[in-house]
Amino acid sequence: MTAPLRRRSLLKGLAGSAFVLVVPRALADLDTRLEAALSERFGERRPQQGGVELELSRLVENGNSVAVTVRAASGEPAPAALHLFMPRNPEPWGTSFQVAPPALAEFSTRIRLAGTQDVLAVAEWADGRLGAMAASVMVTLGACADDLYLEF
Amino acid sequence: MTLSARVRLPQQARAGEVVEIRTLVSHPMETGFRVDSFGRRIPRRILTRFSCRYADRLIIDMDLRPSISANPYLAFRFIADRSGEIELRWQGDQGEELIERGHLEVTPA
Amino acid sequence: MRHPLLLLWLLLALEGQAEPLTGQVSGYHLLGEELQALQDDAFANPGMLWVDRGQRAWNSPAGARGTSCRDCHGGPERMQGLAAQLPRWNAEDKRLENLEGLVRNCRSVRQRADPPAYESDELLALTTLIAYQSRGLPLTVAVDGPAADAFAAGRDAFARRRGQLDLSCADCHDRHAGARLRGETISAGMINGFPLYRLTWEGMGSRQRMIRWCNEAVRAEPLQPDTAKALALELFLAWRSRGLELESPAIRR
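Chains as they are written, first to last, in numbering that gives the first Met the number 0: chain V, 0 to 151; chain R, 0 to 108; chain G, 0 to 252.
It is worth saying that the hints were derived from the structure and are not from the lab.
Computed from a predicted structure; not experimentally measured.
Some hints could be false.
[Stated by the list, open to error] If you want a taste of the chain G side facing chain V, the calculated C-beta under 10 Å gives, among others:
#, residue
1, Glu33
2, Ala43
3, Pro45
4, Glu183
5, Trp200
[As the list claims (entries may be wrong)] Computed list of chain R residues with no C-beta within reach of chain G, every gap over 10 Å:
#, residue
6, Arg13
7, Val17
8, Arg44
9, Thr47
10, Leu57
11, Arg81
12, Gly91
13, Thr106
Cβ coordinates follow ideal geometry from the N, Cα and C atoms, glycine included.
Turn these sequences into a full structure, and let the hints steer you where they fit.
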């Protein structure tokens, strides 16, 4: 290919540093839009920090398709379910992954993000305990941004 | 596009080995929040559930919502502990259903 | 009028020519690492769903005679090289023909079945399957001899300002290639990835769909996919992309 090498490596470098670099957020300043979704799923229960790992790009090129991996933190007993929430999407509850042995509490998928937000992963154990990790994701081109950009 | 899947299933493993299943399925995952070029709302149409049975046990049961991307991708892993059938099932809110099956042969470690 | 004003505002927000793109640069190089990995993933690349479907369609009997593509052509690998050389001049009909046109034509004339609509998943499945056979091959189109006039028309169409916004293809993909347009980098407008999966579309599109999308963006008269004008523009774009490896099904934002 005839791509100028300098540019290619520059872009790669930038992208490389953004990939899998997640900024965990304190659960204390979680998006208020989550309240309803959490109540619906968990009633009065609220998660403690930890017990689950969330892996996604810090900087996302197009919110229509964002790679994400959720897994139980090592050293924890296996949770019965893993949940994903996107507080700034029209429907904040993204997915719930009920898992039983011999499956591992871990999955990778691709999600939509309507804009920059703190994605939340929650692990749920059989005894009702909840653990969580939140990650800030910057979206340059959000899902559903059609009339803003896609059709000019 | 009609519902169809690409799946990568393990066929052989040693007992205790961790194996991976990868899936990609054709579906628009229409959110119900979008409008077409005439300003009409495009009706919601999503896959709502994915499940995996392995050797007669339900090992994965997953709820899918509009925040899952179009043409959903899913990968997960499990420990191969005995020979048996693997059954993957997707269900949609229009009553559609897709089932993919395979057999995993597990040999002693 | 909301859209044009918005675009003008976007153009004013161009963040300068940080590092201009010159020559043939595949849109692949403007993707981040994650999307490049998606394109390179032979399993998870969503465009492969269309390749799979194309494979099934290739083998399925259809039409008045109940023949399949395979019955007459053998395996799809026999189509290797074809997509990298299109569009090309058809001396008999005295017009350019592209991949979509060839498939639709064969489907109606030889297979005697209804030709699938432009941009239908049915057509995209077959064209993506055929283009996939040429993955990695360099784009080379003939622009001399009988194709010379069409080529000149395509070159002219690329440079001519059009639409309410009075912008030409060259304004964006030549003069502003490499510039940032609100978080997006304008590419050099290469067509080596088509048919490709655009995340914006959440689906596949042909070269002509992309041309139409850009054309609409500047509020110009619509370009019908099988007209001499649209095919001439496609020929010029293929020549601009000459030497680049065919990437179909590519991933773009």
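So, going through the hints one by one against the coordinates:
{"no.": "1", "hint": "Glu33", "in the structure": "6 Å, holds"}
{"no.": "2", "hint": "Ala43", "in the structure": "9 Å, holds"}
{"no.": "3", "hint": "Pro45", "in the structure": "8 Å, holds"}
{"no.": "4", "hint": "Glu183", "in the structure": "7 Å, holds"}
{"no.": "5", "hint": "Trp200", "in the structure": "9 Å, holds"}
{"no.": "6", "hint": "Arg13", "in the structure": "23 Å, holds"}
{"no.": "7", "hint": "Val17", "in the structure": "18 Å, holds"}
{"no.": "8", "hint": "Arg44", "in the structure": "13 Å, holds"}
{"no.": "9", "hint": "Thr47", "in the structure": "18 Å, holds"}
{"no.": "10", "hint": "Leu57", "in the structure": "25 Å, holds"}
{"no.": "11", "hint": "Arg81", "in the structure": "26 Å, holds"}
{"no.": "12", "hint": "Gly91", "in the structure": "16 Å, holds"}
{"no.": "13", "hint": "Thr106", "in the structure": "25 Å, holds"}
The earlier numbered hints are all upheld by this structure, with none contradicted.
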